[in-house]
Amino acid sequence: MTSLEELAAALRAALGADRVVSDRLELRTYECDGLAHYKVTPGLVVLPRDAAECARTVSECVAAGVPFVARGSGTGLSGGALPHADGVLIVTAKMRDILEVSPADERAVVQPGVINLQVTRAASPHGYYYAPDPSSQQICSIGGNVAENSGGAHCLKYGFTTNHVLGAEIVTPDGDLVELGGRAPDTPGYDLLGAFVGSEGTLGIATRVTVRLTRLPESVRTLLAAFATTDAAGAATSAIIAAGVVPAAIEMMDALAIEAAEAAVACGYPPGAGAVLIVELDGPAAEVAAQFAQVTALCEANGATELRIAADDAERALFWKGRKSAFAAVGRISPDYIVQDGVIPRTALPEVLHRIGEVASAHGVRVANVFHAGDGNLHPLVLFDGAADGEAERAEEVSGAIIDLCIEYGGSITGEHGVGTDKAKYMPRMFSDDDLTTMQLLRCAFDPAGLANPGKIFPTPRLCGEVPRRHSAADAPAGAEIF
Amino acid sequence: MDWEPATADDQVAGVPARFVAAPASTAEAAEVLRAAAAQDLAVVVRGGGTKLDWGMPPRRLDLIVDTHRLTGVVEHAAGDLITVVRAGTPLSELDFGSQQLALDSPLPGATIGGSVAANVSGPRRMLYGTARDLLIGITVVRPDGTVARSGGKVVKNVAGYDLGKLFTGSHGTLGLITECAFRLHPVPPARAVVTRTVPAAGVGALLTAVREEQVVPSAVEVDRPPGGEVTVAVLVEGTAEGVRDRAARLEKVLGGHSGDLPSWWGAYPWQPGGTGLKLTAALSKVPDLVGAAAETGIRGSAGTGVLYASVASSEDAPRLVERLRAEAVRAGGHAVVLTAPAEVREAVDVWGPVPGLELMRRVKDQFDPGHHFAPGRFVGGI
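Chains as they are written, first to last, in my numbering: chain L, 1 to 483; chain U, 1001 to 1382.
Any given hint could be a false lead.
Here are some chain U residues pointing at chain L (derived, C-beta under 8 angstroms) [said to hold, decoys possible]:
# : residue
1 : L1127
2 : D1133
3 : N1157
4 : G1160
5 : Y1308
6 : P1318
7 : R1319
8 : H1371
With a Cα cut of at most 25 angstroms, we get these calculated SDA-like pairs of lysine to any residue [said to hold, decoys possible]:
#  : chain 1 : residue 1 : chain 2 : residue 2
9  : L       : K39       : L       : S334
10 : L       : K157      : U       : A1190
11 : L       : K157      : U       : R1211
12 : L       : K157      : U       : R1191
If you're looking for bench data, these hints aren't it; they were derived computationally from the structure.
In this text, all values refer to a predicted model and were calculated from it rather than measured experimentally.
Quick reminder that beta carbons are idealized off the backbone N, C-alpha and C, glycines included.
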């Protein structure tokens, strides 16, 4: 038997045959996550039902020296859950219980496979919700959100997953169950929970997550503003921020993205607009009323050609429908596309958009822009036809050039999709060797054997257990010797 | 760069140092730490010196790295609502005009680096979060002199591990923080504070009523002097119109009145040289903790479950620390003795039980394999 076959037998014996998938056809359904152009059929898939089974699976992997990769709903967009051909894919889809909803503590405790939106559904009868809202919130899992430190349209005001996770039980890459954080804030010791959130499955697997619930806002008001150009929409965004308003969300779409959204979901955005902004304010009614008047005036002063104010929840949902379906919608106007995720300082928005336009036209490729304008998180959609000669390569070049622009303007190579498989190669452009080596010290503390999701985030894995370099006395400056 | 011989004032929790170095840049700091590592020196970082008596005394100490020359705002990008600040800059000296770093500092004179390293917070953590939430990028020098950065200058960024969170609250045991990038918030044009003083038994109902009212407080604080009644104070910030309406609603809900910030607002309840504890609790258990603290008194953020208590007499300290810790644990939280005279520190368990200690030791061993940085100051003897 191969080592994987032996491992499969051991896991079946330990957990039961129904937890382990080794049929070739079934395995192939797990070959990619939301970034479908990376495909690897996993060696084995395990579907644990609880933390103990998850820990046992990891322990067996460790004993066999086999790498493992965790997967939630498989909606990630950076290949973070891309399996290993000779490894085990641990899927949390069977761990879907909401264990507790406590409005009095403003906490919920959930298993990692619980869907993001279900937390809000469970909390909302009590007047609470779970604030992080990635566009995939109807299907993405809390465990995946924790791994990726997922954001969403409303993180401009409310922060990211890391600001809303208070505690987690994790399986360490040694197979131990450890509690990080807790129900109360500021657990003594290192903030290992803060380090764990966003570590993309390389520091272990969350098996239970304690999240903060946020009181529902008393009032929500949403504005759709059309502009002739993205420059004008960008200027309006700057004016809103400069006025000291922190909206719950400011989203922008350009003409091509609007065209795609219209074709896909008929959201009825103002025809002919060069850009639209969706601005949402929430909070106490009197506060929202005062600021909404201010925002409306600022949009008009910056050349808004049309303003629509959502009259009710249905109209608000329609405003958001165009935005939230934008990624899939470009499928209507292009056979293939790359979803990019980069960040720039918000004030550089107009300049960077022009440069993206220049790069795109130089390569003969169209780019539709959808982004979280409030925090400078761009999601350019690079359109191409994979069947046309050389187009895929040109699109890939444009996509890479956009990332270079983000770095050039002092931003980031990813705002919310993660590094994963896709962007490990860009990490050295944003960080020095010393930065990356230092980050991997954390990795070595958690996972000295390098079995947890290897090959993700870091282009060059650091070997752990290296003896630290000894400095010779000759390194010491003379001044230090005097005293 | 030059090192100076230590003076009698250069000690940490009673342990004297031999040298003091005050680097003025990250590069100079790296040079100092490379040299210190080469000579196997034990190092403690000092900012404003406001929390040098926090934690346990270092097991050994040779060199104090003082950050008083590592100061200044490197960048304030107002349109992007971010700043980059050198670690030795006192919080009180930061002035961003119509913007603010929304980190309350309970100790006058505290620096950015010290506040991040000790993870201090104040009343407005309820709305703005703590240092870990405001910090978007960090530059550190590792104990071997290696300079490393994580995060960046944009608020939204998930590239690589978030070392800023690891260094926040690490009490100088993993390396020297030299620069921090923070997100800023606009300074709200108006604010109001509504207070009400009630017997301890009435606190729970008031806190629940405030939580249910959708007025989004920036802070919900309580203060109970030893043996006294409890004052609940709620801060709202925003537009003039909005604040007027929210304060009126709070006056109704609390049965209280609007006024100035109370004199105790945002200050620790202990005197210099006294024994001070940080107590945490699940939100629903805050009233229990407040109720149980009749003898010592208690103060802090009832809106987040982070409170502080003072023990006046050293003789009573072991008994009272034990009792408060039991109450905090029952409330789902922890009790840490932040500061105490030497005799109390020796008599009590300063940090209390800490989950995940084994992993923490492994992190320390990776970042500081020679255990040169603040040895013994932190949890579990780290």
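Comparing the hints with the structure gives:
Checking L1127 (chain U) against chain L: minimum C-beta separation of about 11 angstroms lies over 8 angstroms; hint violated. For D1133 (chain U), the shortest C-beta to C-beta distance to chain L is roughly 5 angstroms, which falls under 8 angstroms, so the interface hint holds. A cut of 8 angstroms between beta carbons decides the hint on N1157 (chain U): the least distance to chain L is about 4 angstroms, and the hint holds. Checking G1160 (chain U) against chain L: minimum C-beta separation of about 5 angstroms stays under 8 angstroms; hint holds.
Given the 8 angstroms rule on beta carbons, the hint for Y1308 (chain U) is violated: about 12 angstroms separates it from the nearest Cβ of chain L. Of the supplied interface hints, the one on P1318 (chain U) is violated, with its beta-carbon coming no nearer than about 19 angstroms to a beta-carbon of chain L, more than 8 angstroms. With a least beta-carbon distance of about 21 angstroms to chain L, the hint placing R1319 (chain U) at the interface is violated under the 8 angstroms criterion. Because the beta carbon of H1371 (chain U) sits about 12 angstroms from the nearest beta carbon in chain L, more than 8 angstroms, this interface hint is broken.
A distance of roughly 22 angstroms separates the Cα atoms of K39 (chain L) and S334 (chain L); the hinted pair therefore holds under the 25 angstroms criterion. Under the criterion of a C-alpha separation no larger than 25 angstroms, the hint pairing K157 (chain L) with A1190 (chain U) is consistent with the structure, at around 19 angstroms. With a C-alpha separation of about 19 angstroms, the suggested pair K157 (chain L) and R1211 (chain U) falls inside the 25 angstroms cut-off, and the hint holds. Using a Cα cut-off of 25 angstroms, the hinted pair K157 (chain L) and R1191 (chain U) holds, with the two alpha carbons roughly 19 angstroms apart.
Violated hints, listed in ascending order, are 1, 5, 6, 7, 8; each of the other numbered hints is respected by the structure.
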